[in-house]
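Engineer: Each chain is listed here by its residues.
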Amino acid sequence: MAQLITKGIDPPMDGMDPALKPRLRRRSVFEYASWVVCILVTLGILASVITNPNFQWDVVAKYFTHESILRGLVLTIVLTVVSMGLGTLLGLILAIMRSSTIKPIAAMSGLYITFFRGTPVLVQLIFWFNIAALYPNLSIAGTSIDVNALITPLTAAVIGLTLNEAAYMAEIIRGGFSSVGKGQIEAADSLGMSAGMKMRKVIIPQAMPSIIPATGNQLIGMFKETSLVSVLGVAELLQSAQLIYARTCETIPLLIVASLWYLVMTLLLSYPQSRLEARYSRSTSRLPRKAKTVVQSQEGGR
Amino acid sequence: MNSDGTVYGRGIKKSFGSKTVLQNIDLDIASGEICCIIGPSGSGKSTLLRCINGLETVDFGVLKVNGEHFGYYETDKAFHALSRKRLAEQRTKVGMVFQQFNLFPNMTAQDNIMAGPVLVKGANKKQAAQRAQELLASVGLSGFGDHYPAQLSGGQQQRVAIARSLAMDPQIMLFDEPTSALDPEKVGEVLAVMKDLAQKGMTMLVVTHEMGFAREVADSLLFMDEGSIVERGDAREVLANPKERRTQCFLEKVL
Numbered sequence: 000m001a002q003l004i005t006k007g008i009d010p011p012m013d014g015m016d017p018a019l020k021p022r023l024r025r026r027s028v029f030e031y032a033s034w035v036v037c038i039l040v041t042l043g044i045l046a047s048v049i050t051n052p053n054f055q056w057d058v059v060a061k062y063f064t065h066e067s068i069l070r071g072l073v074l075t076i077v078l079t080v081v082s083m084g085l086g087t088l089l090g091l092i093l094a095i096m097r098s099s100t101i102k103p104i105a106a107m108s109g110l111y112i113t114f115f116r117g118t119p120v121l122v123q124l125i126f127w128f129n130i131a132a133l134y135p136n137l138s139i140a141g142t143s144i145d146v147n148a149l150i151t152p153l154t155a156a157v158i159g160l161t162l163n164e165a166a167y168m169a170e171i172i173r174g175g176f177s178s179v180g181k182g183q184i185e186a187a188d189s190l191g192m193s194a195g196m197k198m199r200k201v202i203i204p205q206a207m208p209s210i211i212p213a214t215g216n217q218l219i220g221m222f223k224e225t226s227l228v229s230v231l232g233v234a235e236l237l238q239s240a241q242l243i244y245a246r247t248c249e250t251i252p253l254l255i256v257a258s259l260w261y262l263v264m265t266l267l268l269s270y271p272q273s274r275l276e277a278r279y280s281r282s283t284s285r286l287p288r289k290a291k292t293v294v295q296s297q298e299g300g301r
Numbered sequence: 000m001n002s003d004g005t006v007y008g009r010g011i012k013k014s015f016g017s018k019t020v021l022q023n024i025d026l027d028i029a030s031g032e033i034c035c036i037i038g039p040s041g042s043g044k045s046t047l048l049r050c051i052n053g054l055e056t057v058d059f060g061v062l063k064v065n066g067e068h069f070g071y072y073e074t075d076k077a078f079h080a081l082s083r084k085r086l087a088e089q090r091t092k093v094g095m096v097f098q099q100f101n102l103f104p105n106m107t108a109q110d111n112i113m114a115g116p117v118l119v120k121g122a123n124k125k126q127a128a129q130r131a132q133e134l135l136a137s138v139g140l141s142g143f144g145d146h147y148p149a150q151l152s153g154g155q156q157q158r159v160a161i162a163r164s165l166a167m168d169p170q171i172m173l174f175d176e177p178t179s180a181l182d183p184e185k186v187g188e189v190l191a192v193m194k195d196l197a198q199k200g201m202t203m204l205v206v207t208h209e210m211g212f213a214r215e216v217a218d219s220l221l222f223m224d225e226g227s228i229v230e231r232g233d234a235r236e237v238l239a240n241p242k243e244r245r246t247q248c249f250l251e252k253v254l
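Chains as they are written, first to last, in numbering that gives the first Met the number 0: chain A, 0 to 301; chain H, 0 to 254.
In case anyone wonders, no lab produced these hints; they're calculated from the structure.
Quick caveat: nothing in here was measured; it's all calculated off a predicted structure.
We treat Cβ as the ideally placed atom computed from N, Cα and C, and that holds for glycine.
Possibly wrong hints are sitting among the right ones.
When the alpha-carbon atoms are kept at most 16 Å apart in a straight line, the in silico EDC-like pairs for lysine to aspartate or glutamate are as follows [claimed, not checked]: (1) H:K120 to A:D188; (2) H:K92 to H:E67; (3) A:K181 to H:E55; (4) H:K92 to A:D188.
Under 8 Å between C-beta atoms, here's a sample of chain H residues computed to sit facing chain A [stated by the list, open to error]: (5) N23; (6) L54; (7) Y72; (8) A80; (9) R83; (10) E88; (11) R90; (12) Q99.
Model the full structure from these sequences, guided by the hints.
Structural biologist: Dropping the structure here:
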């Protein structure tokens, strides 16, 4: 017995204090194997990308900052910002309607959301572009408007993207509303706040932490989604690339140019997005921005 | 006759779906009366309180708060619901304090207290801020105006919540288990504020499990079980000599 115990605490062989020895993680064979496979595959792809002359990297470099590509990029950004802004606004209205106690109003909003989320954006865009086939003339307050002239590719793009985005934003905002506790609404009610006041001062400020990160994701998604409007002939980033390769037949290099720009912009947006998410996900100690310290229990007066 | 600060009820009934939560409730609360409502959970105490503030509506019966039919106006054949605006007006005269405090976490303590007067009554901001300071002082929290709810302990939050209700100058204060969510050592500070308020002549309806508070402060006591008032009377009398068997059983367990 005594022998066994002394065996357990043998003096260290290399003289190192066992209390200080690092504890190493156990690595499985698969871990080593996956490293090898991963490196081999990456090297293979890299070698092929570099050595294959069909990638035409010189053409990529030449067009990367080409004037019409940059103009397309600007238009893509503008489309994203405008559609996202209008979509969020409309989404907010839809979300408020959706949570109305008046049934028909809630139902109308529900119908809208179902319809616009249930059909592909591409189809919606083409539909808005051809809306003149349904309503050739719109008359508002006596003045007749030629719909064909009104619906340019750009307006169709903005309308299509906005209306679609509004449906998604409505659901996000409504989700945010329902994250606000019932007690908060009761407290506002018991103070006699009107519905609008309650929304502005109590519900929306508290719903923000769950709405903002999700909106960031939507913004990144929207940025890529704008490439769909190229089918309408709007000269955004993808269409600008397409216009060039239609002329020069350098299809792949120009698609790479467009992809690289999408990637760069997405990465640029991801950083603030991840910061936003981190900031708002600390739900356990959700302090307003101005509050810096948490005083857990300070003996107050009395 | 001045009927401010009174609650009058006759034959109040309320059900959620097929479940009856209040049946034949009669109430007579005089101005300045402190009434404690006790009873097991699910007995309808909170629902009764919430009806008096309009957080729930009564199905049948007469409910007059401050001498007015609450939330409804009477015609020959029916009670018709008041407009939201009129209901909001009636509600401002009845303060409510919740078990979970329900302070607005996006506002400081002072802004919470000012929210009612400024946003609802359109009071002057400067005067409302002044008043908020006074109210904070009266609940023993002067200097805590710029603290957010998350920076306050439960007891402090509840005291701010009481101040927030008082800022509307209500004639009646309703307390829905105001100390049930607190650490035992913080219960006293909230009860002290409530005693203070009672001494100032506020009409108070308090749903509570604090029998000590009921004995010390309350004028009248209602014991509720399964949606009805089983026993009522002078608070000390009922607590000392309950007449009904159900009340005796309950008090034996909680005292």
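Engineer: All hints are to be evaluated individually against the structure, with a verdict given for each.
Structural biologist: Evaluated hints:
A distance of roughly 14 Å separates the Cα atoms of K120 (chain H) and D188 (chain A); the hinted pair therefore holds under the 16 Å criterion. At most 16 Å may separate the alpha-carbon atoms for a hinted pair to count; K92 (chain H) and E67 (chain H) meet this at roughly 11 Å. Straight-line distance between C-alpha atoms of K181 (chain A) and E55 (chain H) comes to about 13 Å, which keeps the hinted pair within the 16 Å bound. Taken as a hint, the K92 (chain H) and D188 (chain A) pair is honoured in the structure, with Cα atoms around 12 Å apart against an allowance of 16 Å.
Violation of the interface hint for N23 (chain H) is found here, the shortest Cβ-Cβ separation to chain A being roughly 26 Å, above the 8 Å cut-off. Among the interface hints, the one on L54 (chain H) holds; its C-beta lies about 6 Å from the nearest C-beta in chain A, closer than the 8 Å criterion. A cut of 8 Å between beta carbons decides the hint on Y72 (chain H): the least distance to chain A is about 18 Å, and the hint is violated. The criterion of a C-beta within 8 Å of any C-beta in chain A is not met by A80 (chain H), whose closest approach is roughly 13 Å, and the hint is violated.
Checking R83 (chain H) against chain A by beta carbon gives a least distance of about 7 Å; that is within 8 Å, so the hint holds. For E88 (chain H), the suggested interface contact is upheld, since its CB lies about 7 Å from the closest CB of chain A, less than 8 Å. Taking 8 Å as the C-beta contact cut-off toward chain A, the hint placing R90 (chain H) at the interface holds, the least distance being around 4 Å. Annotation: interface hint on Q99 (chain H) holds; nearest CB of chain A at approximately 5 Å, less than 8 Å.
Consistency with the previously given hints fails for numbers 5, 7, 8, ordered from lowest to highest.
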